[in-house]
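Construct all of the structure, not just a fragment, from the sequences and the given hints.
Residue numbers (our numbering), protein chains in the order written: chain A, 10 to 334; chain B, 2 to 299.
By construction, these hints were calculated from the structure, which means they are not laboratory data. Please read these numbers as outputs of a predicted model, since none were measured by experiment. Hints should not be assumed to be uniformly reliable.
Estimated spans, in silico, between C-beta atoms of each pair [what the hints assert, rightly or not]: (1) B:SER74 to A:HIS214: 53 to 59 angstroms; (2) B:SER74 to A:ASN113: 41 to 47 angstroms; (3) A:ALA75 to B:GLY130: 57 to 63 angstroms; (4) A:ASN113 to B:GLU71: 35 to 41 angstroms; (5) B:ALA151 to A:ASP304: 51 to 57 angstroms; (6) A:ASP304 to B:ASN177: 43 to 49 angstroms; (7) A:ARG28 to B:GLN133: 40 to 46 angstroms; (8) B:ARG272 to A:ARG139: 32 to 38 angstroms; (9) A:PRO290 to B:ALA140: 27 to 33 angstroms.
Don't be surprised by glycine CBs; every beta carbon is placed ideally from N, CA and C.
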Amino acid sequence: MTALLSIRHLTTGFVLGGRLIPAVNDVSFDIEPGETLGLVGESGSGKSVSALSILRLVQPPGRITAGSIVFRGRDLLTLSDAEMRRVRGAEISLIFQEPMTALNPVFTVGDQIAEALLVHGRASRAAARRRAIELLQTVKLPDPERRARDYPHQLSGGMRQRVLIAIALACQPALLIADEPTTALDVTIQAEILDLLREMKARFHLSLLLITHDLGVVAETADRVAVMYAGRIVEEAPVREIFRAPTHPYTRGLLASIPGLTPGTRLRAIEGTVPDLGALPKGCAFGPRCPDHFDLCDTEPPPFYEAGIDQRARCYLYRSKTEDR
Amino acid sequence: MAAAGPVPLLDVRHLTKEFQQRHGLWQPRAVTRAVNDVSFTIHEGQTFGLVGESGSGKTTTGRCILRLIEPTSGEVWFRGENVLQYSHDELRRARRHMQIVFQDPYSSLNPRMRARQIVEEPLVIHKEGNRQERRARVAELFRLVGLDPAHLERYPHQFSGGQRQRIGVARALALNPSLVIADEPVSALDVSIQAQVVNLLMDLQQRLKLTYLFIAHDLRLVEHISARVAVMYRGRIVELGPTARLFSAPQHPYTRALLSAVPIPDPDAVRHRIPIQAEWFEPALPLREAVPGHWAAI
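Below, the structure is given as structure tokens:
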């Protein structure tokens with residue numbers, strides 16, 4: 010199977026004080042047709058910048074400095090701006106965290122869905138309106154004819170997120186990037202939106218890049234998981250392996266710090282703080298916080314090693330394992 | 002709902018807060034009950050968790066207890082006195098015993114003040130000690146919450162989110178309060194940092210015999226830290242009980258729905274989502290004791 014999206018050595022930096030700070034550092038991953046990849050990390054880990062890089066929406070002083078983003082056989086980084094505009098929204102769609110700020114407050118939601126179709130020349134004005142109502146029905150917004158005439162402020166947070174999904178699906182993209190799509194929502198609404206995303210994915214045979222900090226959301230939604238730390242992917246594996254047998258000490262630490270396993274006891278926190286991207290350690294970025302730290306970790310950032318079947322980790326603990334093969 | 006045994010440190014009775022809203026200039030005022038007949042008790046040294054979704058009234062409840070928002074009616078008994086009867090001066094004196102830690106460590110600290118001044122301010126307001134004593138106390142508080150006293154002169158933006166929340170905790174503890182209301186104290190923090198701050202709060206509780214009202218939307222977190230829990234929905238408590246029992250045998254359908262919606266960090270977990278139904282709350286039923294100590298509005 011050829012990957013729908015194949016990213017290799019993507020590096021996106023921000024120029025600050027004359028220096029290039031790498032927000033995304035040598036990131037590579039594939040997304041297969043119909044697959045959901047969960048991109049997990051804490052704030053500043055580079056997961057959102059990765060998403061913006063795919064769509065070439067990184068704003069100065071940020072810029073993509075290296076790598077390739079091959080989507081349906083073309084490197085998006087070599088396309089003209091006009092060609093890239095035809096990709097955005099039509100072949101790759103993005104939904105954001107904040108369902109309020111992502112919608113325009115002065116247009117009805119029906120108009121905003123129709124606009125997505127008109128921009129890409131997919132329908133006449135009348136047809137776009139009809140299609141907008143159909144899309145609202147598809148995302149299960151009750152009473153779609155009436156809701157199409159509503160303005161964003163008349164809708165609840167969950168309804169707005171449904172509208173954003175309708176806009177994202179309007180041109181039948183092959184890849185949907187969802188950046189923390191449920192973070193601003195209450196847990197009961199989050200459950201509904203995750204159910205909807207799963208259903209839409211199956212119905213339209215979408216690939217999904219799901220960006221989140223919530224390991225519970227990842228467990229329920231993703232087929233494969235990539236864990237980011239300080240701009241790099243540190244572990245990648247099928248979802249079951251990530252939760253059953255995490256290999257990178259950071260992944261293990263994240264899973265152990267989730268409350269609810271033994272109420273009343275101390276949580277197993279990861280000590281220390283995320284390093285400043287402008288002052289990364291010479292070796293492994295997680296080294297200073299790592300419980301398994303040893304001298305090799307301070308030499309240079311570890312490459313990927315095979316840590317299990319279909320599981321790789323940027324960690325020297327797995328060096329010998331790879332050499333044994 | 003008085004529990005047997007010693008007098009509770011905090012006893013909230015029939016607390017109600019009404020907001021009047023006008024939806025249009027010519028329309029009559031509509032009354033919204035943000036907090037509706039809320040009653041619960043917290044015993045000394047205990048953590049009481051208040052959970053609910055946005056708009057449930059959990060934050061307003063916390064603020065009404067401190068009279069940061071004036072409640073419409075009800076009673077708040079704290080150390081045997083009704084806080085709602087206090088004069089302005091009495092309230093000020095009482096506030097040293099009841100403190101609050103806010104959700105957002107980015108906006109709750111004055112960006113123009115140094116960390117030392119932020120932590121020292123309550124001591125100055127309550128005229129505690131002389132300058133030198135206050136300085137020593139601030140350094141001691143810094144160490145208590147796991148901050149380096151060498152960073153006392155820094156400004157908030159020079160600290161990470163987790164460190165800023167530690168400053169918020171140090172400030173809340175400056176006057177040796179007995180009750181700390183923690184309103185979503187870790188929800189703005191990353192997972193790995195959340196665990197650090199939760200551990201800190203649990204350690205401090207043991208060392209200083211603190212009593213917590215822990216307000217949060219994260220059920221797993223509340224389950225972890227609380228001895229007893231109340232679940233709020235649209236201003237009312239719909240269920241209240243010992244944590245283990247409430248989480249293992251929820252009585253109110255809303256509690257069951259809420260628990261069923263929490264994502265489980267296990268790809269093989271079996272999920273049975275329960276959608277919320279309006280008829281669960283119509284008519285609003287009073288709390289009744291389903292099992293001793295475990296109340297539900299069913």
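So, going through the hints one by one against the coordinates:
For the pair B:SER74 and A:HIS214, the beta carbons lie near 57 angstroms from each other, so the given range of 53 to 59 angstroms is met. A hinted range of 41 to 47 angstroms holds for the C-beta pair B:SER74 and A:ASN113, which are about 43 angstroms apart. Between A:ALA75 and B:GLY130 the beta carbons are some 58 angstroms apart, a value that agrees with the proposed interval 57 to 63 angstroms. Separation of A:ASN113 from B:GLU71 is about 39 angstroms and conforms to the stated range, judged on CB atoms against 35 to 41 angstroms.
At about 28 angstroms, the CB distance of B:ALA151 to A:ASP304 disagrees with the hint of 51 to 57 angstroms. Roughly 46 angstroms separates the CB atoms of A:ASP304 and B:ASN177, a value that falls within the hinted 43 to 49 angstroms. Taking 40 to 46 angstroms as the suggested C-beta distance range, the pair A:ARG28 and B:GLN133 conforms, at roughly 43 angstroms. Distance hint check for B:ARG272 and A:ARG139: the Cβ-Cβ separation is about 36 angstroms, which falls inside the suggested range of 32 to 38 angstroms.
The hinted range of 27 to 33 angstroms is satisfied by A:PRO290 and B:ALA140, whose Cβ atoms lie roughly 30 angstroms apart.
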